[in-house]
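Protein chains in written order, with the numbering used here: chain Y, 1 to 170; chain X, 1 to 458.
Keep in mind the hints are simulated off the structure, nothing from the lab. It cannot be assumed that every hint is accurate.
Unchecked claim - Label-pair ranges, simulated between beta-carbon atoms:
hint	chain 1	residue 1	chain 2	residue 2	range
1	Y	G86	X	G37	31 to 39 Å
2	Y	N84	X	A143	19 to 27 Å
3	X	L226	Y	T64	19 to 27 Å
4	Y	D42	X	L102	23 to 31 Å
5	X	A143	Y	S92	16 to 24 Å
6	Y	K166	X	G57	53 to 61 Å
7	Y	G86	X	P262	22 to 30 Å
8	X	I206	Y	D42	32 to 40 Å
Just so it is clear, CB atoms sit at the ideal spot from N, CA and C, and this is done for glycine as well.
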Amino acid sequence: MNGIHGLLLQVDGPEELLVAAKQAAASGITPLDAFSPFPVEDLTDALGVAPSRLPWWMLACGVTGAVTAFGVMTFAAVVHYPFNAGGRPYFSWPTMVPITFELAILFAALGGAIALAVVNGLPRLHHPVFNDRRFSAAAQAGFFLLLPDSAAARAFLDAGYAGAWKEVAE
Amino acid sequence: MNERQPSPAAVTDERPVFAALDDAVAGAVLERPLRRGWLFGFAVAFGLLMLLLVSVGWLFTKGVGIWGINIPAGWGFAIINFVWWIGIGHAGTFISAILLLLHQEWRTSINRFTEAMTLFAVACAGTFPLLHLGRPEYFYWLAPYPNTMGLWPQWRSPLVWDIFAVSTYATVSLVFWYVGLVPDLGVLRDRAFSRGKLIRARLFGIFALGWRGSARHWEHYQRVYLILGGLAAPLVISVHSIVGMDFAVSVVPGWHSTIFPPFFVAGAIYSGFAMVLTLLIPVRSAYRLQPYITAAHLDKAAKVMLATGTMVWFGYYCELFMSWYSGDQFERFLAWNRAAGPYAPAYWALMICNVLILQALWFHWVRATPVVLFVVAIFCNIGMWLERYVIIVVSLHRDFLPSSWGMYYPTIWDWTTFLGTLGLFFTLIFLFIRLVPMISLSEMREYLLEQRRKGGDP
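Please construct the entire structure, taking both the sequences and the accompanying hints into account.
Written as structure tokens, this is what we have:
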């Protein structure tokens with residue numbers, strides 16, 4: 001248990017967090033992660049995180065739901081249980097639109113929520129940053145930048161943020 | 001405005017802004033002792049919930065004959081209550097999804113509460129069609145599943161669409177609510193932990209899934225959350241349109257009308273905002289949330305009620321006009337039977353609530369006086385319940401053949417079941433108030449910080 005996960009810097013607000021992340025990146029230190037009470041704009045660029053592709057995944061799930069619903073209804077109404085109701089065509093597709101729509105929404109929402117947990121690696125009830133007392137004391141209201149443990153990172157932090165950072169145990 | 005403003009310190013530093021918010025919202029869950037008001041309210045609601053248990057138990061023992069439904073009036077209280085409850089739910093989705101997409105930032109402080117209201121109202125709504133089945137043990141026959149009889153649901157029926165619409169609506173509302181809740185559960189976990197409440201920290205920790213506000217997580221999170229809002233917005237329109245079509249596809253006088261889907265959606269949002277006000281006005285004063293749920297919120301909710309309520313009574317006029325203009329003698333008879341038939345008191349009470357009392361909302365002092373607004377909202381809730389009563393009972397009890405006319409009288413079990421779902425709803429609301437942050441902390445923190453940066457009042 002004497003390994004060090006990284007160096008955790010606490011700053012005052014979202015702008016300061018963005019500045020610190022950009023400064024670190026400019027000094028050649030790629031931050032491991034940053035923590036904030038709400039999403040901070042442009043922070044992902046400074047961290048070198050690619051934009052989320054989950055919207056595309058949700059689209060794929062939604063299309064799957066729509067195709068499934070429409071396919072099952074067509075199969076049932078045309079092939080498996082053709083039923084003549086008042087001389088209407090077996091393939092009366094307009095009546096299938098509402099259920100197709102509902103299932104598209106259902107699949108997209110469930111797929112998105114499950115994928116959100118999977119790509120974020122949640123649930124993961126413990127994480128080294130929780131070892132820093134400041135982190136839990138802030139109750140998710142603090143702004144933190146996590147840097148990899150290296151001589152360069154320590155020099156960078158000491159130069160600009162002496163006293164505001166701590167080592168985080170593994 | 002006699003609203004309580006946050007202390008002056010809140011304007012000078014962001015920490016106190018957060019601290020005041022956290023104390024009010026997270027503190028209401030973690031630190032506030034049980035008060036008599038909550039205990040009393042919860043006891044009443046829980047008692048009514050037990051009444052629901054008894055009513056449902058008796059229903060399962062004896063069957064739907066204990067209710068007042070008969071032929072011709074096969075859709076009694078069960079369907080009235082179903083439509084009423086699901087309509088109430090729609091305001092929550094309207095606030096959380098449609099106002100999210102429209103960048104109406106004032107929604108931030110009320111969306112958590114109204115989404116919870118949606119979930120609980122849908123839970124109440126969902127019980128009624130199942131109880132009304134007569135043989136609820138066969139509810140799964142509604143779903144398409146491989147069966148030895150080789151049968152499928154009738155895809156052309158809006159009642160089948162309704163199964164998919166309501167179950168999708170319930171699921172998506174739950175997912176949307178929980179995804180929004182996860183960061184706040186992280187707040188509660190850390191707050192409980194740093195105050196030495198380890199058992200609660202563990203419980204909240206499990207449901208927070210280990211959320212830590214990582215920028216990588218936020219990147220995925222905010223995109224998924226926005227799209228969930230985008231999905232919920234058309235969903236809420238579709239659900240009540242389909243409920244409207246349940247009626248409109250039939251040939252029953254007063255139901256066979258193309259106006260029903262939009263008319264029902266407007267009525268749903270109207271009644272939902274009435275319930276939002278019914279709940280928020282007492283809660284904001286009991287939990288001192290006035291700095292966050294301000295007079296402006298009540299004013300805006302009242303204006304939405306006024307707009308959608310006006311659409312509703314415009315719908316009433318359209319129905320009257322069309323029954324005359326169509327020349328259809330059954331439609332004309334229905335209009336007369338509503339206003340002067342045996343259920344005329346319900347019709348005129350509905351008109352008083354939804355047309356007359358609603359007009360009070362044009363006055364600023366009504367919207368600015370919470371007590372008066374609360375009373376108006378209660379009348380609107382009653383009015384919308386009566387509207388469904390009139391639509392369902394008056395249309396069914398006298399349709400085409402006078403020889404098949406009848407009367408519908410609710411029995412004591414109809415009333416206990418209805419009161420029982422009120423118990424279910426308020427039990428869940430009372431539990432929600434104590435167990436979960438009533439205001440979205442993560443969204444509200446961002447909002448307060450932005451307001452402060454802009455130089456406005458936080």
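Here is how each hint holds up against the structure:
| no. | hint | result |
| --- | --- | --- |
| 1 | Y/G86 x X/G37: 31 to 39 Å | violated, 58 Å |
| 2 | Y/N84 x X/A143: 19 to 27 Å | holds, 24 Å |
| 3 | X/L226 x Y/T64: 19 to 27 Å | holds, 21 Å |
| 4 | Y/D42 x X/L102: 23 to 31 Å | holds, 24 Å |
| 5 | X/A143 x Y/S92: 16 to 24 Å | holds, 21 Å |
| 6 | Y/K166 x X/G57: 53 to 61 Å | holds, 59 Å |
| 7 | Y/G86 x X/P262: 22 to 30 Å | holds, 27 Å |
| 8 | X/I206 x Y/D42: 32 to 40 Å | holds, 33 Å |
Hint compliance for this structure: hint 1 is the single one not met.
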